[in-house]
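K.L.:
Now for the letters of each chain:
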Amino acid sequence: MTSEDQLVATGGRDNLTRRSFLRGSLGAAGGAAALAAAMSPLRHMDTEDFTVEKFLQKHYKEMSPSDMEAVLERIRGEVEKRYAIRPELRDIKANDGVEFAYALHLGRCIGCRRCVHACVAENNTSRSPEIQYIRVLEMPKGSIDLEQGRHDYDRPKVPDPDHYYMPIQCHQCANPPCVKVCPVEATWQEQDGLVVIDYDWCIGCRYCEAACPYWARRFNFAEPQVPRENINPNMAYLSNRPRKQGVMEKCHFCIQRTREGRMPACLEVCPVGARKFGNILDPESEVSQILNNKHVFVLKEEVGTLPRFFYYFDEDYPRSESLVSLPVISGGGHA
Amino acid sequence: MKMYLRFLWRCFRLSFVGDWRYYAWMLLLSVIVLLGLNAYAKQLVYGLVTTGMTDQVSWGLYIANFTYLVGMAAAAVMVVIPVYIYGRRELHDLVIFGELFAVVAIIMCLLFVQVDLGRPDRFMHMLWRFNFPVSMLTWDVIALGGYLLLNLHICGYLIYCAYRGVHPSRRFYIPFVFIAIAWAISIHTVTAFLFVGLGGRPFWNAAIIAPRFLASAFAAGPAFIILTLQVIRRYAGYHVGDDALKLLRNIVTIALTVNMFLLICELFTEFYADSAHIVSIKYLFFGLHGHYGLVPWIWTATVLNSIALFILYLPFRRSLRFMNIACVCMIVGIWIEKGMGLVVPAFIPSPLGELVEYQPTLNETLVCLGIWAFGLLLYTIFVRISVPVLTGRVTADDASESHSVPR
Ligand code: SF4
Ligand code: SF4
Chain S
19 MTSEDQLVAT
29 GGRDNLTRRS
39 FLRGSLGAAG
49 GAAALAAAMS
59 PLRHMDTEDF
69 TVEKFLQKHY
79 KEMSPSDMEA
89 VLERIRGEVE
99 KRYAIRPELR
109 DIKANDGVEF
119 AYALHLGRCI
129 GCRRCVHACV
139 AENNTSRSPE
149 IQYIRVLEMP
159 KGSIDLEQGR
169 HDYDRPKVPD
179 PDHYYMPIQC
189 HQCANPPCVK
199 VCPVEATWQE
209 QDGLVVIDYD
219 WCIGCRYCEA
229 ACPYWARRFN
239 FAEPQVPREN
249 INPNMAYLSN
259 RPRKQGVMEK
269 CHFCIQRTRE
279 GRMPACLEVC
289 PVGARKFGNI
299 LDPESEVSQI
309 LNNKHVFVLK
319 EEVGTLPRFF
329 YYFDEDYPRS
339 ESLVSLPVIS
349 GGGHA
Chain F
7 MKMYLRFLWR
17 CFRLSFVGDW
27 RYYAWMLLLS
37 VIVLLGLNAY
47 AKQLVYGLVT
57 TGMTDQVSWG
67 LYIANFTYLV
77 GMAAAAVMVV
87 IPVYIYGRRE
97 LHDLVIFGEL
107 FAVVAIIMCL
117 LFVQVDLGRP
127 DRFMHMLWRF
137 NFPVSMLTWD
147 VIALGGYLLL
157 NLHICGYLIY
167 CAYRGVHPSR
177 RFYIPFVFIA
187 IAWAISIHTV
197 TAFLFVGLGG
207 RPFWNAAIIA
217 PRFLASAFAA
227 GPAFIILTLQ
237 VIRRYAGYHV
247 GDDALKLLRN
257 IVTIALTVNM
267 FLLICELFTE
277 FYADSAHIVS
287 IKYLFFGLHG
297 HYGLVPWIWT
307 ATVLNSIALF
317 ILYLPFRRSL
327 RFMNIACVCM
337 IVGIWIEKGM
347 GLVVPAFIPS
357 PLGELVEYQP
367 TLNETLVCLG
377 IWAFGLLLYT
387 IFVRISVPVL
397 TGRVTADDAS
407 ESHSVPR
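Chain order of the listed sequences is S and F.
Each residue of the first sequence is one higher than the one before, counting from 19 in this note's numbering.
Each residue of the second sequence is one higher than the one before, counting from 7 in this note's numbering.
In case anyone wonders, no lab produced these hints; they're calculated from the structure.
Hints may be right or wrong, so weigh each one.
Said to hold, decoys possible - Only pairs whose alpha carbons sit at most 30 Å apart, straight line, appear in this in silico DSS-like list of lysine-lysine: (1) S:K79 <-> S:K111; (2) F:K48 <-> S:K76; (3) S:K99 <-> F:K288; (4) S:K198 <-> S:K72; (5) F:K48 <-> S:K318; (6) S:K76 <-> S:K318; (7) F:K252 <-> S:K72; (8) S:K175 <-> S:K111; (9) F:K48 <-> S:K262.
What the hints assert, rightly or not - A few chain F residues facing chain S, derived, Cβ under 8 Å: (10) S141; (11) N256; (12) T259; (13) T263; (14) V264; (15) F267.
Every residue, glycine too, gets a C-beta built ideally from N, C-alpha and C.
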């Protein structure tokens, strides 16, 4: 307060106004210059990602077919511009009467990581920084404690006789905690059980990543880089179209293939046939048979996520048909 | 209306007037704010790689600071409760400083959430498709927003009344004060639930988190207010009685004691039972498989908190100097405990058992400092405005006589 008193004492109003005006404008000019300097890195911003059109884009579930077509066309243009290739991009909806499940034969998996790389190629995930949806753990025999697993095993020859191998990817939980926590409904479960993300809606808060008990989600901490020649042009809106910096992504059981009757890329590449995929609502399908006749288990059953991804070892065992029924993972979701 | 606009204008002018210490302080803060802004601009361009966060440890300093500040904001009501519930009228004016502090803390919280987002440009998606009531984060947004409005209303109203020289009408603020008290507990609890609700993270998924949250906030918040009140008394020429400080000290003592007790409960449960849940806490306190990233942090926090507790129970706590030392220890100790100690270890090891440590980068640290400086800047301005108004040096009457000189 002392300075105010001084001001009052020393100057008449005119004097004060003039002086404070001068000081004020000097200060304002200096402040503005400093502010501009501080914000100067924004020059390097990729402004194309911040158009009015994108700003106004609706949530996936609110888009009409024509809205969707416009968005798809825009994305095709973007892909063409960036990767010099015209993508086969569409929005593929879930089929009625289908609920997908995956079963993985732990007795067969040899830990070659071919699935990891096939997934990267199929799904246009970033090569730098590296994003991979599948993680293969090398586990000591006799334990399913994940903390005993090795993530970075690097052997000239697999499999190692003292270990078994456990690939882990998104389990498409029927009770998915990741969906529950998302503040903006950017991720949800579809009718066929797949948990998907609208990359144009995600705000990048990473709450879902904290919630997932299987560490299935990956965040684009930087702008994803995929070499032009490696782009897979077969794309779907909810799956492998190119992503942007700052959004979440994860395994979606290859929507661009499986909803059109093909098998996921990781399954096709597996040299030992450890991976089985199919429609659990069809009792004749291979997965249904496996779930019915093998010792299957799910990871971290205690967290109550009800995965659609099952593990099993080999032996068939006799069971009385009347006592068992198919493991039911219903819920279907609110697509 | 015109009068109100003039009031705002005069507040604005007032915030540019002060002695050299005021200018130096504000200049220092402004420089830090600009550094932070610069760092944030870089983050916007290059993405969150500019931070130390990874897919394994996907929340870091930002969320840590956010968590801490929610607590600080809630703690402001600890100043309010004695005044209104126990009728300690003589402390009435302190309420304003407490609530202004809450306002600033909430604004900082919102900034910390904003800088943590990968796509801040899509923040308004929250409005279009609000995943309420399923997502706890939406609860938090409501709780924080509501708390901000409540406190803005209470302080704004009281200060404006003082400016006009009228007696505040109880109808217009007392009900809000009581709502704010309940609300303060809720912002806190909801923020705790944000973490507790995640079944896949055993370190968080424990009932003790919410009460510990409250206890530590009710220690650190009032401790901070004790320090600010002394600064205000010293430099802003506003009388704050020792009584107020003593009352706050008692609150802090109790809260810190409860916090330490809960810590012991937590440690006992975890380590004695020695269950699978223990890995994260083991990593936090003792390190795991040769990774010791958080060990020095947490022991610093524990030692600081113990020192504070020790001082508060000894007779020389009556000396202001020792009390201040205790307050500083506690503010820092609880910051570490709630920030690095609560947020980060839940990610280590990852759900698949991978040990990836977290080390904040310089850029990330600058952004944090920038937000803190911005908060202090705001608080300084708020205090700068409210002190002359409350003491009657700036009133509506003198506005007509002189436009430029606050008296
Ligand atoms: S595995 Fe993780 S990401 Fe996939 S559905 Fe379950 S919780 Fe969500
Ligand atoms: S990161 Fe995206 S998908 Fe995940 S919770 Fe946040 S907004 Fe939802």
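K.L.:
Check each numbered hint from earlier against the structure, then list the numbers of those it violates in ascending order.
P.N.:
3, 5, 6, 7, 8, 11, 12, 13, 14, 15
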